[in-house]
Amino acid sequence: GNSVTQMEGPVTLSEEAFLTINCTYTATGYPSLFWYVQYPGEGLQLLLKATKADDKGSNKGFEATYRKETTSFHLEKGSVQVSDSAVYFCALSSGNTPLVFGKGTRLSVIA
Amino acid sequence: GAVVSQHPSWVICKSGTSVKIECRSLDFQATTMFWYRQFPKQSLMLMATSNEGSKATYEQGVEKDKFLINHASLTLSTLTVTSAHPEDSSFYICSARVLTGKDSPLHFGNGTRLTVT
Numbered sequence: 001g002n003s004v005t006q007m008e009g010p011v012t013l014s015e016e017a018f019l020t021i022n023c024t025y026t027a028t029g030y031p032s033l034f035w036y037v038q039y040p041g042e043g044l045q046l047l048l049k050a051t052k053a054d055d056k057g058s059n060k061g062f063e064a065t066y067r068k069e070t071t072s073f074h075l076e077k078g079s080v081q082v083s084d085s086a087v088y089f090c091a092l093s094s095g096n097t098p099l100v101f102g103k104g105t106r107l108s109v110i111a
Numbered sequence: 001g002a003v004v005s006q007h008p009s010w011v012i013c014k015s016g017t018s019v020k021i022e023c024r025s026l027d028f029q030a031t032t033m034f035w036y037r038q039f040p041k042q043s044l045m046l047m048a049t050s051n052e053g054s055k056a057t058y059e060q061g062v063e064k065d066k067f068l069i070n071h072a073s074l075t076l077s078t079l080t081v082t083s084a085h086p087e088d089s090s091f092y093i094c095s096a097r098v099l100t101g102k103d104s105p106l107h108f109g110n111g112t113r114l115t116v117t
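Protein sequence lines, in the order shown, are assigned to chains A and B. The opening residue of the first sequence carries number 1 in this note's numbering; numbering runs sequentially from there. The opening residue of the second sequence carries number 1 in this note's numbering; numbering runs sequentially from there.
Worth flagging that the hints you see were computed from the coordinates, not collected in a lab. This one's a predicted model, so the numbers in the text were calculated from it and none came from an experiment. Note that the Cβ used here is the ideal one computed from N, Cα and C, for glycine as well. Among the hints, a few may not be true.
Using C-beta positions, here's what the derived DEER-type ranges look like [claimed, not checked]:
#1 17/A with 80/B: 42 to 50 Å
#2 85/B with 76/A: 37 to 45 Å
#3 70/A with 16/B: 48 to 56 Å
#4 85/B with 16/A: 29 to 37 Å
#5 15/A with 51/B: 41 to 49 Å
Could you build the full structure based on these sequences and the hints that come with them?
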């Protein structure tokens with residue numbers, strides 16, 4: 001079946017540091033890939049997505065590239081801010097089924 | 001953008017009572033909505049898929065008689081936690097897609113924090 005594995009946190013970084021959160025997936029066919037962000041006490045918000053191999057999704061300084069050869073969709077940001085502190089979820093979609101989520105990675109950015 | 005509204009945002013109830021949570025798609029119609037439960041260590045568990053005009057599809061291990069789902073219209077799905085117990089305390093989140101198909105992301109409500117005393 002489909003599954004998503006993302007690096008376990010928590011991740012703690014200083015402001016302006018470089019961020020990478022690893023995500024790999026297992027899926028049949030050609031899934032679409034997503035990153036969601038959850039701020040404290042809120043639901044999930046779509047951060048970015050990529051729907052086919054070599055696509056790069058980007059938003060708010062975050063980027064992730066759909067790598068079919070390594071079945072990965074790592075999230076990166078060049079310079080994090082305190083306001084980026086949140087939980088980040090990698091997810092995949094195959095067909096019209098519900099999204100399959102990773103377990104989430106908590107990011108804390110300190111000033 | 002697509003907006004999913006969830007109500008209430010938090011609720012406290014006594015053990016043995018029932019609680020209803022509403023999920024509305026405000027600017028689009030959703031034939032299918034999804035209910036998730038989020039556990040303390042943040043992982044999301046899909047509970048059920050709510051289908052407008054028909055019975056919900058529950059994931060393995062989720063008691064359908066305890067978590068009643070009704071999707072009576074194209075913009076409203078409700079989750080009722082019946083005879084709630086402290087172990088039902090959790091964060092419940094609904095979601096919906098604007099379009100069908102794998103490329104269409106899910107849009108989430110802001111969640112409902114349920115505390116059963």
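Against the structure, the hints:
At about 45 Å, the beta-carbon gap between residue 17/A and residue 80/B stays in the expected band of 42 to 50 Å. Separated by about 43 Å at the C-beta atoms, residue 85/B and residue 76/A satisfy the suggested range of 37 to 45 Å. At roughly 51 Å, the beta carbons of residue 70/A and residue 16/B sit within the given window of 48 to 56 Å. About 47 Å separates the C-beta atoms of residue 85/B and residue 16/A, a value inconsistent with the hinted range of 29 to 37 Å.
The beta-carbon spacing between residue 15/A and residue 51/B, approximately 46 Å, falls within the hinted interval of 41 to 49 Å.
When each numbered hint is compared with the structure, a violation occurs for hint 4 only.
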